Each structure stands twice: as C-alpha cells, then as structure tokens.
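K.L.:
These are the residues of each chain, in order.
Protein chains: 2
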Amino acid sequence: MYDFAAEPGNNELTVSEGEIITITNPDVGGGWLEGKNSQGERGLVPTDYVEIITEGAKDGISCGNSLADQAFFDSLSSSTAQTSSAAKSSNQASIANDPWSSWNVGKSGNWDNGNAVDSWAVKPESAPGQRNSASNNWEAAAAFGHPQAYQGPAAADDDDWDDDWDDPKSASPSYLGYKETEASEAGGVQRGNSRAAAMKLPLNKFPGFAKPGMEQYLLAKQLAKPKEKIPIIIGDYGPMWVYPTSTFDCVVADPKKGSKMYGLKSYIEYQLTCTNTNRSVNHRYKHFDWLYERLLVKFGLAIPIPSLPDKQVTGRFEEEFIKMRMERLQAWMTRMCRHPVVSESEVFQQFLNFRDEKEWKTGKRKAEKDETVGVMIFSTMEPEAPDLDMVEIEQKCDAVGRFTKAMDDGVKELLTVGQEHWKRCTGPLPKEYQKIGKALQSLALVFSTSGYQGESDLNGAITEAGKTYEEIASLVADQPKKDLHFLMETNHEYKGFLGCFPDIIAAHKGAIERVKESDKLVATSKITPQDKQNMVKRVSTMAYALQAEMNHFHSNRIYDYNSVIRLYLEQQAQFYETVRTGLQHCCLGMYCAAAL
Amino acid sequence: MYDFAAEPGNNELTVSEGEIITITNPDVGGGWLEGKNSQGERGLVPTDYVEIITEGAKDGISCGNSLADQAFFDSLSSSTAQTSSAAKSSNQASIANDPWSSWNVGKSGNWDNGNAVDSWAVKPESAPGQRNSASNNWEAAAAFGHPQAYQGPAAADDDDWDDDWDDPKSASPSYLGYKETEASEAGGVQRGNSRAAAMKLPLNKFPGFAKPGMEQYLLAKQLAKPKEKIPIIIGDYGPMWVYPTSTFDCVVADPKKGSKMYGLKSYIEYQLTCTNTNRSVNHRYKHFDWLYERLLVKFGLAIPIPSLPDKQVTGRFEEEFIKMRMERLQAWMTRMCRHPVVSESEVFQQFLNFRDEKEWKTGKRKAEKDETVGVMIFSTMEPEAPDLDMVEIEQKCDAVGRFTKAMDDGVKELLTVGQEHWKRCTGPLPKEYQKIGKALQSLALVFSTSGYQGESDLNGAITEAGKTYEEIASLVADQPKKDLHFLMETNHEYKGFLGCFPDIIAAHKGAIERVKESDKLVATSKITPQDKQNMVKRVSTMAYALQAEMNHFHSNRIYDYNSVIRLYLEQQAQFYETVRTGLQHCCLGMYCAAAL
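Top line first, the protein sequences correspond to chains A and B. Residue numbers for the first sequence follow UniProt numbering, beginning at 1 and rising by one. Residue numbers for the second sequence follow UniProt numbering, beginning at 1 and rising by one.
Since the hints were derived computationally from the structure, they do not count as laboratory data. Given the structure is predicted, the values throughout are model-derived calculations rather than measurements. Among the hints, erroneous ones may be present.
All copies of an identical chain are treated as equivalent in the list; a pair is satisfied when it fits inside any one copy or across any two copies.
Unchecked claim - Cross-link-like lysine-lysine pairs, in silico, DSS-like; alpha carbons within 27 angstroms at most:
no. : residue 1 : residue 2
1   : Lys482    : Lys323
2   : Lys369    : Lys481
3   : Lys482    : Lys366
4   : Lys225    : Lys526
5   : Lys260    : Lys412
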C-alpha cells in the first residue's frame, strides 16, 4: 500500500506501492507480517504498510444486520468512498474530514441542512485556517474506522465467514465494493468502516427506522420513558456511572472446531464462562462481531467500543492464530465486562446468559430491533445533579477532545517506537549477539590448535563466554514476548478506544452547536423557549455522560498503564539481571582459568 | 572504493565505487568514519570501504630511507602495481599472489631463476588446484601491506610529513605513483606497501647492497661471524628466545607541538620515557616510522612487526587524533619493548637512549647501513639444540602457517562482528531507547493533563521510567568505549601481527624448498654435499627461530586475549548491572505510586 524499504540484514522485504505480496505469516509479532513477493523473496513487512486483499474475490461479508441496517450500509458505502478520496486528494480537502476538527472549531454550522450527515459531524465551511497541522494524521480513516492493525476489508478466508448466517433474514451485501475505489488507498479505511458507518447512521437520513437523529433527541417535547435507565451520580471524582455491586469477568477458552452443512463448512467456537454464574455458552467469532455491532450502534456515541481483533488473513498457522485471537477476544470481553453500563446492558447479558438456541435467536432479534441507539442512548441517562451551563459543557467537551487527541498521539508514538524496537530485538540484535558468540567460540577453537601447552582452561572459558553470548541472543529475542508484547497490546487496545473519540466528540460538539444557534431560532419563533430549555438540559445530560465515561476511562487507564509499565520494567530488570549473572559467571571462569 | 549501501536510519551514507566523499570525521570509532558526499549528505562509512586520497595531489611522502633503499622502492613500485592488478583480474590469477599459497604447496619451484622475486616467495606454477578458497581474502594486499584500517597511501595532510627529513641524503620520491594504477583499487594495497616491499628486497635483485639473498644465507661456505648474537634456548614450551633479566616499558606521553624553519612547519613531538632508565627522549611520528622501517627490514622475516598507527587524514579534530595516535603508539612501543629480541636490538635501544642530536644521527646512519637484515638475521641466531630433520621442520612451518591463517580468519571475523555491533550500539539502539524514554515521558505528560485526581505520583513514576530509558540510551552509546574498544584494539593489533606471517612463512617455505631440491644439485655437482649439510643446518636454525617466535607469540596471545575478553565481560556485566539497578529503581517508584 505504501513503499517500504527493507533495512538490509534485518530480514525485511522491500515492497512498492501497488505490489502484491503473498502473506506467509500474518502475525510474527510487533506489527510485522511475513510475506513473499512475486520473485519468491521472503521477509518482514510492517502490517501498516499493506492492505490485505483476499484471493478469489470473495467480497461478501455477511454482516448479520437487519435489512434496515443494510440499507444504511448501502447508502453509506458510497459516501465513505467519496470522503476518503477527498481526504486523499489534498491536505486542504482533508480538513473537512478531520474528525478532530469539529471540536477545534468555534464557529457554528448551518442549522437548516441538519438532515445531512455532514452538517453535524463535520463542518467544512467553518474549519479553514484554524486547523492544527498535527491532526493531519486523523484523516477520514479515524472517523470511519478503528485504526487497528491487521484489518482486512474482506478477509473472506476466515472460516467463520465462509458460511451464511443462521438468521434467514440476513443478506450478503457487496457494499464493500468501495475496496476497489480510491478509498482503499487512503490508509486506514478498512473493515472498520461498516461499523463506524453503522454507528453514524442513527443520526440522520432514515428517520423512519430508529428515529435517533440529533433533532429528535434535543427537540422532542417529551422523551419517551425508556425501559432502561442509566443513572449518573456525582462521586469523589465528579460524575460517574453507577458500578454494579458485584462485578464479573468472562473467561474465553476452549476453542473447538465445529462444522455445519454436513461438514462442508467449519468454524471455531469458543466457550465463554461468566465468573459470577459459572455457566458457559458457546460463541463463534461472528457472534462476537454481531455483539460488537450492536454495542457500537447502541452505545457508540457515549462509550468508546473498541473493535474486535481482526479477521483471519489466511488459513495457515491456524493454531497460533486461534490462540492469538482468543487472547484478544478475552481482552475485549474483559473490557466490556469491566464497563458498568455495557456489562449491565440487556444485549450483553443476553449474549452471555442465553439458555438455548431459541433464547439466543429471540434475544438477537430483539436487540436488532432496539430503538434506543445512537444519540437516543442519552435519553436513558439520568444525572443526579443540576444541569450544567453551556460554557462549562463546552469546556468539558473541549478538554476531553484535547486529552484524547493528545493521548492518541502519545499511544501511537509508543506503538511506533515499540514496533521498531520489537523488530530490532527479535531480528538484528540477537543475530549480532549470536555472531559475537560464534566469533568467540571459533577463536577459542583456533587457539586450541596452537599446540601451546596449558591454555585449554582459558580456551574453555572463552568458549563458555561465546556460548553465553549465544544464550544472550536467545534471551534478547524472546524478551519482547515477555514484556514489550503486553505494553503493545495495552496500547493497541487504547488506540482502539481513542479511535472512537472523534465520533463521540463530534456528536457532543454537534449538540452544543445546535444549542448555540437555538437563540436565533427562538428569536425567529422556529422553536419555543421551552424547546431551548429542553435542549440545554439534554446537552447537559450528554456532558454528564461524557464526564462519567471519561472518569471510567481514566481510572481504567491509570490502572492499565501502571500495571503494564510496571510489568515491562520488572521483566526488563529481570532480563538485565539474567544477562548479568551469565556474564559474571563467564568472568569467574576466565579468572579461574587465568589463575591456573 | 567499494559500493556501500547505507542501512536506513542508522546514520550511514551510501557510497558507490569511485565516488569521492569528503571526510568530516576520520575516526568516529568502531571502524567508521564520517563523510560527506557531493550532494552534501553526511553519514557513516566503514573505513575499509574507502581509500584516503588527499587534496592538492601532494603525492610525495619522504620516506627517510637511504638512496639505496630508494632504488628498491622505485623498482618495486611497478611490480607491486602489476601484481595487484593481476590479483584483481581473476581469482585464478590471484592464486599466484596468495601469500598463504606457498606453504600450502608441496611441489618445488624452479631453482634456476632464484634471482627473481617470484621464485622464492611465490610459486604460481605449483599452486593450481590446491588452493583453499578461504585464502581468497589473502590477496596481494596482505602480502604487501599490513591490512589495518585508516591507511592512506599518501596522507600528506599529516603535519609530520609536511617537512623534509633532517638527513640531507634523503629524497622525496614520487614512487607512490602506483596509486594511480589499478593497484589502488585492489583493496588493501596502501601505504603499507612500501614497507613490505622494503622487507622483501633483501631477498633479491640488489646483491650489491645488503647481500641478504636466500642463496647467500643458505649456501655461504662460512657465515661471517656477526657482532650480534641471538641465542635460542629450549625451555619448558620448546625453543624460546632468551628473555632479558630485567624488562622495561616505554611511556609515550606529553605530545607537544614543535616547529622548525622559523615556524613555517610544525609537528607533534612525543616524550618517550623508559621505565628502567627513567630517562626521556623526544620523537616525532616520522621517527617512529623510521624505526618501524628499520625493524621490518632487519627482523621482518623472523619476527612479525605490526605497522604503526596510520597517518592523519585531516588536520581537524587534532586533539582527539593526537590522543588516539598516542594511545596506539604507546601500544606499539609496549609490544616492541615486550619482545626480547627487538627490545634488545641496537637500533631499538639507540632509538630510546640517545643522549643528543648528534648521537641520534650517528645511530640512525649506522642502522641504515646495517647489513644483517632480511634473511641474514638468521645468521645471528644460535639455537642451543641439535639440528632438526627436514620432515619436522616442514611440519612445524606448516603448522604455524595453518594456525596463523586460521587465527587471522578468526580475528577478522571478530573485528567484522565488533564493527557492526559498535555501530548498532552507538547508533540505532540508543536512539531507540531514547525514543522509548521520550514516548513514556510524553505519555506521562498527556496523562498529567487529564484533570483526574490522584495520578500525579504515578505520572511521576512513568516520567522517571522515561528518563531512565534516556539514561539507558547514554549508557548503551558510551559502553563500547569501555569494553568493545579494547577488544577491537587488541584484535586490530593481532590483525597487524598476523598480516606479517604470509611473508615469514613464505621465507621459511622458500628455504625448505631449496633444501628439497638440493639433492638434485648435489647429484649434478652444482653444489657439494657439505653445502647441502650447511643448508639443512641453516634451515634448522630458521625453524628454531620460528618456533621461538611462535612461543613468544602464543604466550603474549594468551595473556592479551584473556585480559581483554575478561575486561570485556566484566564491563558488560557492570553495564547490565547498572541498567538493572536503574530499572529496579523505576519499578519501586511505580509500586510506591500505585500504593498511594
């Protein structure tokens, strides 16, 4: 997808933009995959530099959404392609698509075309000149997808996706045809698209279906009393979700191969066991994917829902792939279980606690018909606190925008550095230690042929030193799995979280802008002063929700980063200690030999 | 001189064969120099890949030899160029110039053209098919020069060489014109040429001067009783030189800028103080160079005389350069002082102990007129042991050849690996640690803007961890100077020693071949049986000398390698301990912060 120049001697493969390479190992770790070019040369390529395309053009992914959802996808696929291609054509053009630009911008948009996608999330006409050049990285890709590695727009090789959905209502749309447009070259515009697209939909365009447009929420005379209620209380750290008295986790384990259609189609089923009930259910990857879609549609404007680990690139290396996927599904499930709102939601509970196939299907259909999605989720929220004033609301929103943007930069920096370091630690560096070890040993071997008496102990000591350096080579090469791996995984998860914020912030900023413009509308009698008061109250609720979510985010962040950095430091210290011990042992050997 | 492809991100400079780069720093360590190409790009290039050419075509180096020596140089310069160009034209052709080929070869050469250089040292007609491909590395370069780094064929920028010799007899020849021929492209054929050439000369061609041809030594009815005597005794380890009862070292210190010609020419003078007499003399670099030439001419066929540190490449960085040169002159002098034969020789003693300018000049002229040079040095040697038989002599000689060749390979392997490792440890690796450090610190900085309470201690701990990684970066970058430097210097010295052996072995093999052919000559009455007996005795003396020297070499080698490898391991262990301590301190910080 991009030119990549291999570093000589580092087992890398030089690739050019547009070149097609065959993936021989989709995940060698640290953000690298192993590929083979048309000349048959093998080597490592950064996953970020390639776009996965599948053989045989099986371009249909069954998405498990209702037909209504499908219509949104269809309508969105063209606009996504358009947006991405605009983002690519020039920097100036990409301003319009910068997901961060909306919170950066003070000037309001045009109230009257409120029915278009663009008017809420993105305000191209108000952006020029004010845009921070650092936000260049945040092109359309970030707005429309979760920028994680290994995303393939149509990874049809995946067993799980070879067969159709059980649900007879589901279709196999080929809306991912945008893969063939310029959009597919624009960087991160990948599989995540469909999800972010789904998340955006409730805002607009199809009021006939879920009616969760921003106007409906902000301007409804009376919000329908939802069955669900999400209280927001004021704790020591400000607004917070109410945490359930008993928490639970979900253990993802025991991947088993299943098959259907008389063995023609096979898939992997994972066993999920809740720690509170100790009951198990089985789910395939596509079920997780369905859950992700539902959570994104329902909570995505209030709570960052990081995407799932990505689809399989190739059928080879199955065991390793399944293990890695399971590890990441586990991490994802643990995140969801940890979230007080998500974990208590009906769709999530039903995913874990259905008793039989029938209950699962019933629950599934019910979840798909849920109308409390998109911006309407805020209608279920009940802050136990006085309304905030607009200045404060806007400040809070801006602060979150700044923080998540800055953290996103920081996380990406660490991931980039970590990826580079991973490669060095597993490639050239151990090779060098091995060479040092071998050079010392061959020197000792030469010395042993000198015929000179009394140097055998010393040559033995040099040989030992050589072997120690070979051991150091192994230690160095294995170390990243013990420390850097976890640091990378955690940052990768947070990159996923942070990739959700541009949309969240955009929704909040959109609501704020509406309120700002409402005085004009009151003046021209387009809305009543009561309408305006309702708007402020509802935007205030959104602000409380944002703060509650941020406080949840921060407490998790603090816990996660401190755990993982401490683990990293401990493992690093342990590594240096192990090497030191080995070297000191060698020194002792040299001393003893010299003393003889 | 060769193509060199820079490793991206490693601060290297890609150079093509024939490209001219300007040296901006001649010695950044580890066998790298910093250069600038015609596009103004700067970067590191391995010193082995470039040939130093000086600006302004000051091609004359005053060599300080007598006019007679000069004649040899003149005659040799063409044959050197010829040989090297042959070596370059094909592998097959280079067989003839493989310095190791002579001891590999069983078949004898042609007695009758014994006056030609080729007939003794090199036997092209007897080599084909027997040549070890590994000895490819040992092309003409090794035979004609000491393959050490930083050799410039005409480093006329060197202050020391800007002015003429005091000696009115000396000339400023431009015999180094071979620099313009193919020879200069052949690899290591550099400044060392003149020396190895000088060493070879006594064997042949100019019997009118020093008469030290092999025939003269082997066939002389009666060897002139030399004033000097070099006894060889049989010790616990076999034949050995007699070690003087009191040894001494020579401290090279206090480099001072001197000038002459009313300040028009300036030079650096070093103070040399013998540890036994505690008296000091001053010498300039060119005096060391003169001594080296004399020792090479006198002892070079019996004792490996490693070349001096090389001439200055540029006038910049003077202080650092002088320090490095002094360190290497010190190492060279210590080697010479440690050698029982060299250190006791008149020329060496006179170099250290002259009382005034007049005594120095007298001694200098005397040394230059010394006729006991080349192969004639063996006439001064008196082994206190029965003559060896020819089978044993040949076996010993072959064993030395095999060992020194194998050790040369081993040393070069270690130097190559060490050079690569040096670069990684001073370039990309610390940069990466620095990046990790900075990434952690910027993440902590972002975290501190969260507005969430109670995380300042934790962010402080993460910042500390980041700073620790920046410190690790410095430790990593500085470490090679503390350990790898000494390992490299020692190996570099030994590479110099080992580069002398092809000539030494060739002289011995040549003598052995003569004896082997002598039966035929006795049968045809070309020589008498007594002549043949003398020959065997004299070759036996040479074999004793070789063994004595090898025993000296081995005991030094064992001492040197064990010292330097132990130092390396100790320093490495210390490094790992320092890093571990720093990391553990960070862990503790994280723990404390988390506990608050």
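K.L.:
Indicate, hint by hint, whether the structure satisfies it.
P.N.:
Structure-based check of each hint:
For the homomeric pair Lys482 and Lys323, the shortest alpha-carbon distance inside one copy (16 angstroms) is at most 27 angstroms, but the shortest distance between copies (44 angstroms) is not. Taking CA atoms no more than 27 angstroms apart as the test, Lys369 paired with Lys481 passes in neither setting, with 43 angstroms inside one copy and 70 angstroms between copies. In this assembly of identical chains, the alpha carbons of Lys482 and Lys366 never lie at most 27 angstroms apart, being 43 angstroms within a copy and 70 angstroms across copies at closest. For the identical chains of this complex, Lys225 and Lys526 are intra-copy neighbours only, at 26 angstroms inside a copy versus 127 angstroms across copies, given an alpha-carbon limit of 27 angstroms.
Taking identical chains as interchangeable, the C-alpha atoms of Lys260 and Lys412 are never at most 27 angstroms apart, the minima being 42 angstroms within one chain and 63 angstroms between chains.
Checked against the numbered hints listed earlier, the structure breaks hints 2, 3, 5; every other hint is satisfied.
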